[in-house]
Each structure stands twice: as C-alpha cells, then as structure tokens.
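**Q** Okay, here's what each chain looks like letter by letter:
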Amino acid sequence: MNINEAPALEIVDAVLELGDGDSRVRALDSVSLTVMPRELVAVVGPSGAGKSSLLAAAGALTRLDSGVVRVHGTDLATLSRRATTRFRLENIGFVFQSGNLLPSLTAADQLRLAGRLAGRRRVDVDGLLQSVGIAHRASHRPGQLSGGERQRVGIARALVNEPTLVLADEPTAALDRRRSHEVVELLAERAHEAQVAVVMVTHDHDVLEHCDRVLEMVDGRLGEPALVH
Amino acid sequence: MFLALRELRFARGRFALMGTVIALISVLVVLLSGLSSGLVNDGVSGLKSMRATAFAFNEGTMTDNAFSRSVIDDDQLGAWQDAEGVASAEPMGVNIVNGVTDDDTQIDLTLFGVEPDGFLSPAISDGDGVGRVDGIVVSETLRGNGVELGTVITLDRTEVELTVVGFTQGQATFGHVDVAYLPVDTWRLMAAGLAEPGAPSEDRIAEMDFPYASVVAILAEDDAEVDVEAMDAAAETTTMTLTEAFNASPGYEAETLTLSMIQVFLYVICALVVGAFFMVWTIQRAHDLAVLRATGASSAYLVRDSLAQAAILLVGFTALGVAAGVAMGAAMPDAMPFDLEFAPILTASVLTIVLGMIGAAVSVLRITRIDPLRALGGQR
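Those protein sequences? They're chains A and B, same order as listed. This note's numbering puts the first residue of the first sequence at 1, with every later residue one more than the last. This note's numbering puts the first residue of the second sequence at 1001, with every later residue one more than the last.
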C-alpha cells in the first residue's frame, strides 16, 4: 500500500440503525474501514450481520445516523439528493447478485446505456468486453448468457465510467465453484489493472484466496476474521 | 429513448397486445366519428348548405321539430325585412310529405318552400333551379332511388303532382329525409289546402290569400350586429342562429348526444387501459429500475424514457387503428349514414393519444418512488 496515495473509500465510526421501536437494530455499529485503490477487500459474515448495509452506506444508497463516508475524498453527507445520484454515476460501480442486467439489452447495450447515463457517447465496448473475456457474446441478451457470463458483463458494466470504487454484492451467489473463482479472479485482476478499489460482500469462503484483505462482520461490527484460511 | 426502443423490441409480444387494444379503440373512435358526421349530415345537411345566418321562429315554438311546427305571418316577415343589419329576410316553408314516383317507388321528402332566386335557393348540380310552380329541386342522394330529371312524384292524399327539374349540389337532407326545394308560393298553396290533384297551377296561386310560412330565414349584413332580442320582442319571434337551429331539426340532439357519450366513454376507457398496462409494466420491471437508479440513472431520465415509450406505442397504434377505421368506413354500405371527415377524425385521434398519455403518465410516475436500495440483494 502506498502511504502517499489517497484512499478510495474511507468510513469512520459509521452507525446505522434500522427498524422501529423494539425491533430496532444496529446494522452498523461504529464501523471504520479504509480501502486504497487497486485493493480488493472481502467482507464476510453471517446473514443479517450488516454487510449489505455497509455496501449501501459506501454506495450512497442510504444515509448514516452518525459517522462519515468519504469516497475519493468527498464526504457523501455533503451531497444533495441530485448530486448523490450524479456522484454514484461517476464514481461508484456496482456489481450485483447474478449480474442484475436489464433483460431487454444485449451485453454491449448494457455497457452503452451505463455510458450514456453518464453522458458518454463513446464507450469502448469491445475493449471492456474483451477485458472480461466475453467479447464474442456482445450481441447476446442476458437470457442467452450463462450465470458466469452475466456476471462478467456486470463487472464490465461497473467499470464503464471508470469509477474510483466498485461495490460487489454477493457476486458469486448464483455461480458454481469454478465460475466463482473465475469471477473473483477477474474482479481482482480488474482492480489491479484499472486502479479501482473493490469491496466485495460474500458468503463464499472459497474465493477469499484472491482477495487482498478479508474482514468479518458480526452484529454490525467489522473486524479481522477469527479464522481465515 | 435508448432503453425505450430496446424494451419495445424485447417485449414486443406484450406491447403488441396493448397496441392492438389501442388500435381497436381507435378503429371504434373513427367509426363513431364517421357515424356521427354521417348522422349530422343526414339530419341537417339541408340547413348546413344554406346561406342563412339565422332563423326566426314564431314566439314560443318548442325547439324539437320547430321548423315544421312554427308558423309565421307576413307581418313578422316584414318586421325582419326592415330590421337594421339584416341584408335580406325571406319566408321559408317546411313540411315532410310522403309520395310515390311514376315507377311506384315510395319516397319521403322534406319540402323546403323558398323564394325562387332568393338566397335560400340551392346550388344546382344538374337541371334547373327553383322556379317552375310544379317543379322541385331534389337532393343529389335521391339519384340512388331511381329519381331522374322529369320524374313525376305524386304526393299521398292530396294527389298533387310535382316534377323533378333539378338536383342539388351534394347531399341535402333534413331529419334523415331528402329535401325537395320548391317555390314558397306552391308550398303555401299546399299548406292552405287549396291544391287540387294534378300539377299546381299559376292561376290557383294567384287567387290564393295565405300570408303564412314556417320560419323567416335571415341573412345578416357582413359584420353587422343585429339586436336579436329587440327584434324578437318587436316581431314576436324566437330567433336561433344556423347552428342553434340544428337542434330544432328532428332527432338531432338525441343522436349527437348519444354518440358523444359513447365517444367520451371510449376516451376514458383508453386512458384507464393504457394506465393499467403501464402500471403493471412498471411494477414488473421495478427491480430493473431500482438497479438503474442504483447505478446512477436519475428518476427524471427513467420517467422521460418511459413516457417516450408510451408515446411511441400510442402514436403508432392509433395511426394504425385510424387507417384501419378509415378503410372500413370507406367500405360501408350507402344505406348507412357514414361520412369520413378530416377534422373530427384528427380531433378523435389526438384525444385518444392525449388521454392514453395521461393514463400512462399517472402510472409511470411511480418510478420516482422506487428506492435504489432494492437493487441490493433483497436482504436488509
């Protein structure tokens, strides 16, 4: 890690409470996390531990009750609603479970739409699809792609607008073992080459070998895992 | 439109189904519009083609069937002839008769008694104008019934014989009955009950003293303001403009109101059906929309895109439906009162599209309430 480099994501003392009254839970309990560019950080933990809340907070999809989230040096709490949408578009890429691609668009059009939303008329679709190894499937719709291929398109889509930070939500949930390894390897490779910081939430302990750092989340608290490898 | 067009292609089955409904509604709208124009023409084309500005009825005549009910005398006529701003006022006689042609075809005629060479005299497409005491100028539409120049029509009961001397330019009907124009004096002779069997003669008319007619037809001077209320009070008449007078023709109001009501219902149905479709469509892709919101698409972009989609669907299939409706209308049998007119069809198409858009807009605005957080896993 280069000490002089600015962190891509900085979370300081984040607190987020969900629900009402008696059912109120601390989804994030004084969570702090710093991720540098080119780093792939995995967050593991049981269901309901607050992993998705962490992604939602880092991705400007929800507001914290207290604490600070900075992406590429910008404090997300200072952005208006409109500016938040714009900021997400330009700085944060999302990779969802099973790709979450739009059923009506071909692989190439998924990337084009992501580019157009950010006002880019020209997107290097072929280059991006090539970098995730599915250039030959460019004109296929999600229904014609396998789970692994869909997830590759999802990763390429997340990278279209050259984000600082990519947030991956259980990217291997719908994949078999071999494909899971391929996808996470690809995420690691892309993180290093495209100089992006990647935070990946996962259940899948199998794929952690490809990650630079592994953290565990339990009951809203983030820490070093008791048992990794 | 990037997403809108691709979705239209991808979900073409669903959109085609919706489009078919829109097209069928448009066909109905066109057919109703044609029927409506046809009935209006059938009801009042005889009045529409007249150069009159207004008609003065005897005071207190009921509006329905007022033309054949009203009776005015020469004093009332004279008062209107002397009125300020009135270029000309002429007596007009109206009644409906049954008759038989010389080859035994039964026909109904609305007799319009008008001054020969007056402003009410119709434009002629064939033969002579109104003038001969026993001559009638009949609607062009009667040609279909085997009526020709020289055909003698014998009126029932009175046995009065009238000869067809000319045909009007275009349709001239009143209360769904073909119009026959004749000199107002001949009309008076029959109204007075003085007509003898056979052709009406000049001599009988000269002997007659019958200073009545049905209504006063008024032609105002260009840009003149006629003080109608004062004139009505002075002449003891009730005056209606040409278009108001349509309601005074048999069945006109009942027909137009019925058809307008059906048309209004169709527009409401169109708005509701299109709204329901886009409601389901929006809910169906709520997750996709949440993903798009999460990746940074603004609600405004998604709403615009969806509205464009609705507009393409509505405009495309309305055009298709209108074309089909016009084609069907052109193939309607002659017996059906059906006239395709450009302006009402255009209005109807625009209304279908606008109301469909309103329905779609109400549904599509749900997009603004979609939480991008839904894109994450489903947990939380």
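Some clues are possibly wrong.
What the hints assert, rightly or not - Facing chain A, from chain B, some residues (calculated, C-beta under 8 Å):
#1 F1002
#2 G1013
#3 Q1081
#4 I1107
#5 Y1267
#6 D1288
#7 G1296
#8 A1297
#9 S1298
#10 L1376
As the list claims (entries may be wrong) - Short derived list, chain B residues pointing at chain A, Cβ under 8 Å:
#11 P1211
#12 Y1212
#13 F1246
To be verified - Quick look at which bits of chain A chain B covers, simulated, 3 or more residues with Cβ under 8 Å:
#14 58-70
#15 78-89
#16 95-109
#17 115-124
If you're looking for bench data, these hints aren't it; they were derived computationally from the structure. Being a predicted model, the structure only gives us computed values, none of them experimental. Just so you know, even glycine gets a beta-carbon here, dropped at the ideal spot from N, CA and C.
**Q** Quick check on the hint: P1211 of chain B CB to chain A CB, less than 8 Å?
**A** With a closest approach of 81 Å, the P1211 of chain B hint is violated.
**Q** May I ask you to test the interface hint for A1297 of chain B with respect to chain A, counting a Cβ-Cβ separation under 8 Å as satisfied?
**A** For A1297 of chain B, the interface hint holds, since the closest Cβ of chain A sits about 5 Å away, which is under 8 Å.
**Q** The stretch 95-109 of chain A covered by chain B? Criterion: 3 or more residues, Cβ-Cβ distance below 8 Å.
**A** With 8 residues in contact (Cβ-Cβ under 8 Å with chain B), the coverage given for the stretch 95-109 of chain A holds.
**Q** Verify the interface restraint on I1107 of chain B: the C-beta must sit less than 8 Å from at least one C-beta of chain A.
**A** 63 Å, violated
**Q** Given a cut of 8 Å on the nearest C-beta pair, is the interface hint for Y1267 of chain B held or broken against chain A?
**A** 31 Å, violated
**Q** Grab the minimum C-beta distance from Q1081 of chain B to chain A and call the hint holds if it beats 8 Å, violated otherwise.
**A** 74 Å, violated
**Q** Given that the stretch 115-124 of chain A was listed as covered by chain B, double-check it with a C-beta distance under 8 Å for 3 or more residues.
**A** holds (count 3)
**Q** Going by Cβ atoms only, is F1002 of chain B closer than 8 Å to chain A?
**A** 6 Å, holds
**Q** Against chain A, with CB atoms and a cut of 8 Å, does the hint on G1013 of chain B hold up?
**A** 12 Å, violated
**Q** Does the nearest C-beta of chain A fall within a distance shorter than 8 Å of the C-beta of Y1212 of chain B?
**A** Violated. Min distance 76 Å.
**Q** Are three or more residues of the stretch 78-89 of chain A within 8 Å, CB to CB, of chain B?
**A** holds (count 5)
**Q** Let's test the interface hint: is any C-beta of chain A closer than 8 Å to that of L1376 of chain B?
**A** Because about 5 Å separates L1376 of chain B from the closest Cβ in chain A, which is inside the 8 Å limit, the hint holds.
Of the hints listed earlier, those the structure fails to meet are numbers 2, 3, 4, 5, 11, 12 and 13, in rising order.
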